[in-house]
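Those sequence lines, one after another, are chains S and A. So for the first sequence, my numbering puts the first residue at 1; every next one is plus one. So for the second sequence, my numbering puts the first residue at 1001; every next one is plus one.
Calculated directly from the structure, the hints in this document are not laboratory data. Please read these numbers as outputs of a predicted model, since none were measured by experiment. There could be a bad hint or two in this list.
[As the list claims (entries may be wrong)] The list that follows gives simulated cross-link-like pairs (lysine to any residue, SDA-like), each with its CA atoms no further than 20 Å apart:
{"hint": "1", "chain 1": "A", "residue 1": "Lys1163", "chain 2": "S", "residue 2": "Ile224"}
{"hint": "2", "chain 1": "A", "residue 1": "Lys1163", "chain 2": "S", "residue 2": "Gln209"}
{"hint": "3", "chain 1": "A", "residue 1": "Lys1163", "chain 2": "S", "residue 2": "Val357"}
{"hint": "4", "chain 1": "A", "residue 1": "Lys1143", "chain 2": "S", "residue 2": "Phe471"}
{"hint": "5", "chain 1": "S", "residue 1": "Lys237", "chain 2": "A", "residue 2": "Val1196"}
{"hint": "6", "chain 1": "A", "residue 1": "Lys1163", "chain 2": "S", "residue 2": "Ile59"}
{"hint": "7", "chain 1": "A", "residue 1": "Lys1144", "chain 2": "S", "residue 2": "Arg73"}
{"hint": "8", "chain 1": "A", "residue 1": "Lys1143", "chain 2": "S", "residue 2": "Lys278"}
{"hint": "9", "chain 1": "A", "residue 1": "Lys1163", "chain 2": "S", "residue 2": "Gln63"}
{"hint": "10", "chain 1": "S", "residue 1": "Lys67", "chain 2": "A", "residue 2": "Ser1300"}
{"hint": "11", "chain 1": "A", "residue 1": "Lys1144", "chain 2": "S", "residue 2": "Arg244"}
{"hint": "12", "chain 1": "S", "residue 1": "Lys237", "chain 2": "A", "residue 2": "Ser1093"}
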Amino acid sequence: MQFTPLQLKLMAAMHGYRDLLYTNRTQTDADAIRNVYALHILNHVYHTRDRVLKNNMKIVRCQAEEKETPEVRDQGFTRPKVLVMLPTRSAAVRLVDDLIKLSGCESVDKKKRFQKEFGTIKELEAVEDATDYTAFFGGNSDDHFRVGIKFTRKTMKLFSEFYASDVIIASPLGLRTIIGAQGEKKRDFDFLSSIEMLVMDQADAFLMQNWDHVEHVLDHLNLIPTDSHDCDFSRVKNWYLDGRAAYVRQTLIFSDYLAPELNALFAKYCRNVAGKIKTRQTCGGSINEVSLQVQQIFSRVDCTSLAKEADMRFNHFKEKVFPALKQSALQQTSTMIFIPSYFDYVRVRNYLDELDVNFVEICEYTDVPETTRSRSVFYHGKCDFILYTERVHFYRRYRIRGTKHIFFYQLPEHAHFYPELLSTLADADDGLRDLTISALYTRYDQLRLERIVGSQRATRMIRGEKSAYMFA
Amino acid sequence: MPTEKESPMDVAVASDNEGAEEQPPATFKELGVIDPLVEACDKLKFKHATPIQRESIPWALQGRDIIGLAQTGSGKTAAFAIPVLQALWEKPSGLFACVMAPTRELAFQISETFEALGSVIGVRCAVIVGGMDMVSQAIALSKKPHVIVCTPGRLQDHLENTKGFSLRTLKYLVMDEADRLLDMDFGPKIDQILKVIPRERNTYLFSATMTTKVAKLQRASLRNPVKVEVSTKYQTVTTLLQYYIFFPFKHKDCYLVYLLNEMAGNSVIVFVRTCNDAQRVALLLRSLGFPAIPLHGQLSMDKRLGALNKFKAGTRSIMIATDVAARGLDIPFVDGVINYDIPTHSKEYIHRVGRTARAGRSGKSITLVTQYDVELLQRIEHVLGRKLDGYAVDKDAVLMLQERVSEAQRHATISSKRQGRGGGGRRRAGDDADRDDDEVQAGMPQKKRSKRGGRR
Chain S
1 MQFTPLQLKL
11 MAAMHGYRDL
21 LYTNRTQTDA
31 DAIRNVYALH
41 ILNHVYHTRD
51 RVLKNNMKIV
61 RCQAEEKETP
71 EVRDQGFTRP
81 KVLVMLPTRS
91 AAVRLVDDLI
101 KLSGCESVDK
111 KKRFQKEFGT
121 IKELEAVEDA
131 TDYTAFFGGN
141 SDDHFRVGIK
151 FTRKTMKLFS
161 EFYASDVIIA
171 SPLGLRTIIG
181 AQGEKKRDFD
191 FLSSIEMLVM
201 DQADAFLMQN
211 WDHVEHVLDH
221 LNLIPTDSHD
231 CDFSRVKNWY
241 LDGRAAYVRQ
251 TLIFSDYLAP
261 ELNALFAKYC
271 RNVAGKIKTR
281 QTCGGSINEV
291 SLQVQQIFSR
301 VDCTSLAKEA
311 DMRFNHFKEK
321 VFPALKQSAL
331 QQTSTMIFIP
341 SYFDYVRVRN
351 YLDELDVNFV
361 EICEYTDVPE
371 TTRSRSVFYH
381 GKCDFILYTE
391 RVHFYRRYRI
401 RGTKHIFFYQ
411 LPEHAHFYPE
421 LLSTLADADD
431 GLRDLTISAL
441 YTRYDQLRLE
451 RIVGSQRATR
461 MIRGEKSAYM
471 FA
Chain A
1001 MPTEKESPMD
1011 VAVASDNEGA
1021 EEQPPATFKE
1031 LGVIDPLVEA
1041 CDKLKFKHAT
1051 PIQRESIPWA
1061 LQGRDIIGLA
1071 QTGSGKTAAF
1081 AIPVLQALWE
1091 KPSGLFACVM
1101 APTRELAFQI
1111 SETFEALGSV
1121 IGVRCAVIVG
1131 GMDMVSQAIA
1141 LSKKPHVIVC
1151 TPGRLQDHLE
1161 NTKGFSLRTL
1171 KYLVMDEADR
1181 LLDMDFGPKI
1191 DQILKVIPRE
1201 RNTYLFSATM
1211 TTKVAKLQRA
1221 SLRNPVKVEV
1231 STKYQTVTTL
1241 LQYYIFFPFK
1251 HKDCYLVYLL
1261 NEMAGNSVIV
1271 FVRTCNDAQR
1281 VALLLRSLGF
1291 PAIPLHGQLS
1301 MDKRLGALNK
1311 FKAGTRSIMI
1321 ATDVAARGLD
1331 IPFVDGVINY
1341 DIPTHSKEYI
1351 HRVGRTARAG
1361 RSGKSITLVT
1371 QYDVELLQRI
1381 EHVLGRKLDG
1391 YAVDKDAVLM
1401 LQERVSEAQR
1411 HATISSKRQG
1421 RGGGGRRRAG
1431 DDADRDDDEV
1441 QAGMPQKKRS
1451 KRGGRR
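With the sequences and hints as input, model every part of the structure.
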């Protein structure tokens, strides 16, 4: 097997045990990336195992010869040394399949159970049209799972007990339910004390799931355990004893795009003394994929601090945007208000409620019958506005028919949602002239903005004198 | 300790030590202590070796096992710490020495001495006692400290349950307060520990008295020891004024309050027999506005250390203690000891009053004697070889306190019952009562009085 150029670059970056934040993951690279980190994981596990076994032999030999045993410090408090966080069971299936192929193990323990609970690789490979939606939700898309893997000389044991596992593959939610919160009686996070390598693949998906869980897990990583779990303290590495394990952990993060949350996580939790590497992408902008000839207006909300951003945006909406929407001959009906964040969504919804505006809403917590009803009401023009969130679009990909105007309260994280949402406008039957698109952005939205309008333009739009930019 | 009579005798090599009584006070340098340690002693203001140090250090430096019979406060800790540190200096290695002490407080105190004396040579110490987190202790042990100071129970626990910990490299074993160790039923634990440590080692055994049990332990663990004895008889120092007060049992609390009033501003330890008593008396005194703090075995380890530190720091000047505090604790500036309950062993009496009048300072001890305790008092007087003086009190003045004291008694009983009911049983009661914010201390009497008015 040959490495692709990308794999070679990644391998070089990972091999020095430096932290890596790779944000250029694409659908086509996904397999290559997974393949190469699977190899890196196995390399680490087998290296460590060999060293421990060699030292065991040395100690036994010294004891047999009644010599003084040398001091060997080659272990952590607990056995698990690699933690892989993945968003879905199907992603776990793909990784386990890679691990099986690369490990060269003769047999795999509990493979049947794994296939039953997680699905098989064949099912996943059978999916033909590989859009990002089918890639993510194909197969078993459950996000509550955890599985320990133990490597012995010839077999790979799935579903091994955590404290006897080398690798743990889990979703943030799966770990969160074991870790528990402070004050809960039954909680356990000692198995995270000696993680030497943390891999987060499809990290962008965690943003759509629950980012809190990710941070909660990272908060409980590399702590000094509360119980000894039969650990041989004389062989525990000194940096573990001193509580410095977090500084020697390698963290690998792969994501489709960069978000402020990822940046913060990389700065706060990745404190590897070996250093860190962050990739940067320049984007052409998904706006180029928009096939409609329609005017798109981006207006900037100037704000002074990140803490005030949400308030200032809301005030701008309340004072400038919404009155204009209400008064405009065109936009006062058939308008979608797209709101990425649920918090903003609640705020806007309450405000519209107060004003007694005729609107319907679809968010991630709306049930299916309600959604169907809302969509039909909106389509038939019985209401003027529809509120729509990014997360519900991520999970359901509704085409909200009857939309003639879209107002982006904030731009979506997923750049391709922009042309996707705009394409629903093509369904509108009264020609293209009356369609409008408008969006708000602040300087803290640079990452989102540059993915949609392109890097060069984004810089100009953030720094420029003008506060409104038009695309057509 | 200028008053202690030295009568050293060396069982193994008796002839070497004749005429020791007339020896002038020796400096550490003269005893053969290396310069870095002499420097450390200077820093700690140890100018001259105390008798026990003078007798034991030269033997210890020759590599002999030692039995030391000496009372607390005679400089025992340094007597074994210095030779251990000197040996460590010559041949440093991890897990070099292990010191066993009967109480947790004593263990901490010993480790402080080691750290103070050994700071110059960079000694690392670990305290391994019950009531603390096992994992953090296991981590401390795995870092191979030079000296472990422990209580036998917890050490044995680690030897059994902590993987990768052994005392195979141990060179020095010290058993401090051996009689007390054995009294506290640590015997079997010590036997188990002795089995797993190397025979090729030096052992120092220090004890206040030579009981048969100690003699047995000596035969089991020491090889060809030198016996160093300072002050064979039970003795108390002359700077200590010892009194007793005789009165009917029912006025006991009253007299205690009177005495504490008399001694207001001084730091006093009141010894009681049981943990419950300690708790009750502390509550009683606190409700009368005294800065009292209890110290007994039913408090959590943190509370015990906290209580001790508060007393040492002077934020609480009255400590109500059981015999956990009777021995070994070196708290300077204790002005008085009150024996609320007369000790059942005369030995214990000497230990208790030994908390005051330390290192040449003066002190006062007062023993409360009721109609039931006369015989015990006589026994103590017999052992001391002298009669105690009666403490002059104004009986009417004492009885004038009666009303307020009985009110406080009632209050103490109620609040200790309430704490008891609050769930968690005795431990809980202890922890609660130890929460001594100043609000409670200062505000209580007024509050109580008003309550009482209501009831009438």
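Comparing the hints with the structure gives:
1. Distance restraint check for Lys1163(A) and Ile224(S): the Cα-Cα separation of roughly 16 Å lies within the 20 Å cut-off, and the hinted pair is therefore satisfied.
2. Distance hint between Lys1163(A) and Gln209(S) is unfulfilled; the C-alpha atoms sit about 41 Å from each other, more than 20 Å.
3. Distance check on the hinted pair: Lys1163(A) and Val357(S) sit about 69 Å apart at the alpha-carbon level, beyond 20 Å; violated.
4. Of the pairs offered as hints, the one joining Lys1143(A) and Phe471(S) is violated, with about 66 Å between alpha carbons and a cut-off of 20 Å exceeded.
5. Taking the CA atoms of Lys237(S) and Val1196(A), the gap is near 26 Å; set against the 20 Å cutoff, the hint is violated.
6. Our distance criterion of 20 Å between C-alpha atoms is met by Lys1163(A) and Ile59(S), whose separation comes to about 15 Å.
7. Straight-line distance between C-alpha atoms of Lys1144(A) and Arg73(S) comes to about 13 Å, which keeps the hinted pair within the 20 Å bound.
8. A hinted pair counts as satisfied when its Cα atoms are at most 20 Å apart, and Lys1143(A) with Lys278(S) does not qualify at roughly 36 Å.
9. Proximity of Lys1163(A) to Gln63(S) is assessed by CA-CA distance (about 16 Å); at most 20 Å being required, the pair is judged to hold.
10. Restraint check: the Cα-Cα separation between Lys67(S) and Ser1300(A) comes to about 44 Å, which exceeds 20 Å; the hinted pair is violated.
11. A threshold of 20 Å between alpha carbons decides the hint, and for Lys1144(A) with Arg244(S) the separation of about 18 Å falls inside it, so the pair holds.
12. Restraint check for Lys237(S) and Ser1093(A): satisfied, since their Cα atoms lie roughly 19 Å apart, inside the 20 Å limit.
The structure fails to meet hints 2, 3, 4, 5, 8 and 10 from the earlier list, while all remaining hints are met.
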